[in-house]
Amino acid sequence: MLRLTEVVKHLLIINILVFFAMQIYPALYDYLPMASPWSDAFMPMQIVTHMFAHANFTHLFLNMFGLYMFGPILENQMGPKRFLAYYLITGLGAAVIYVLSFILQFYFRFGDQWTMALPHIPTVLGASGAIFGLLVAFGMIFPNMRVMLLFPPIPMKAKYMVLLFALIEIVSGVGNLQPGVANFAHLGGAITGAILILFWRRRV
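Adding 3 to a residue's 1-based position in the sequence shown gives its number in this note's numbering.
A portion of the hints provided could be inaccurate.
Said to hold, decoys possible - Below are the DSSO-like pairs computed for lysine-lysine, each with C-alpha atoms no more than 27 Å apart in a straight line:
1) K162 to K12
2) K12 to K84
3) K84 to K162
Don't read these hints as lab results, they were simulated from the structure.
Given these sequences and hints, build the entire structure.
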């Protein structure tokens with residue numbers, strides 16, 4: 004059994020508590036997820052709170068499982084402060100790239116009228132962007148460590164796992180194969196994470 008580190012433990016607790024609070028008070032779904040920055044429903048706090056809000060139990064479980072599996076070893080490697088900063092920055096980067104992906108879609112779809120569609124960028128929620136950031140960090144720091152996939156249950160080197168997940172997200176996002184899933188937020192977390200790891204390496 005993996006030993007929980009302090010930051011991972013507190014992130015797990017916060018996400019779980021927020022999930023149950025949203026089940027008890029459904030009105031929180033109007034406040035915690037991040038609405039389009041151009042909509043009346045947007046509040047600046049949502050830039051952070053959306054990372055701790057989840058749509059359902061499966062959404063929560065998969066993200067927290069990823070945090071539990073990859074978080075402790077990365078926190079031990081990075082240190083608590085840098086790990087927390089990495090987690091939050093990749094979550095924020097995921098949201099930014101998610102919004103940018105819709106701006107590009109609207110520009111090419113609606114031409115001169117693209118700005119009128121900005122308030123209709125779908126709401127985004129969940130820790131998935133930050134979790135994909137953790138996956139990338141794991142693959143870059145421990146590229147040859149073998150991990151066991153859940154579906155299918157086969158062992159694979161971490162660097163290949165990251166490439167596989169990235170390919171799935173690109174294909175799903177471009178092909179709109181998973182409606183309701185923020186594939187470009189996942190990619191955004193991965194891209195932000197890769198940039199951050201490379202930046203830190205250059206400073207060492």
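Each hint tested on the structure:
| no. | hint | result |
| --- | --- | --- |
| 1 | K162 to K12 | holds (26 Å) |
| 2 | K12 to K84 | holds (14 Å) |
| 3 | K84 to K162 | holds (25 Å) |
Of the numbered hints given earlier, the model fails none.
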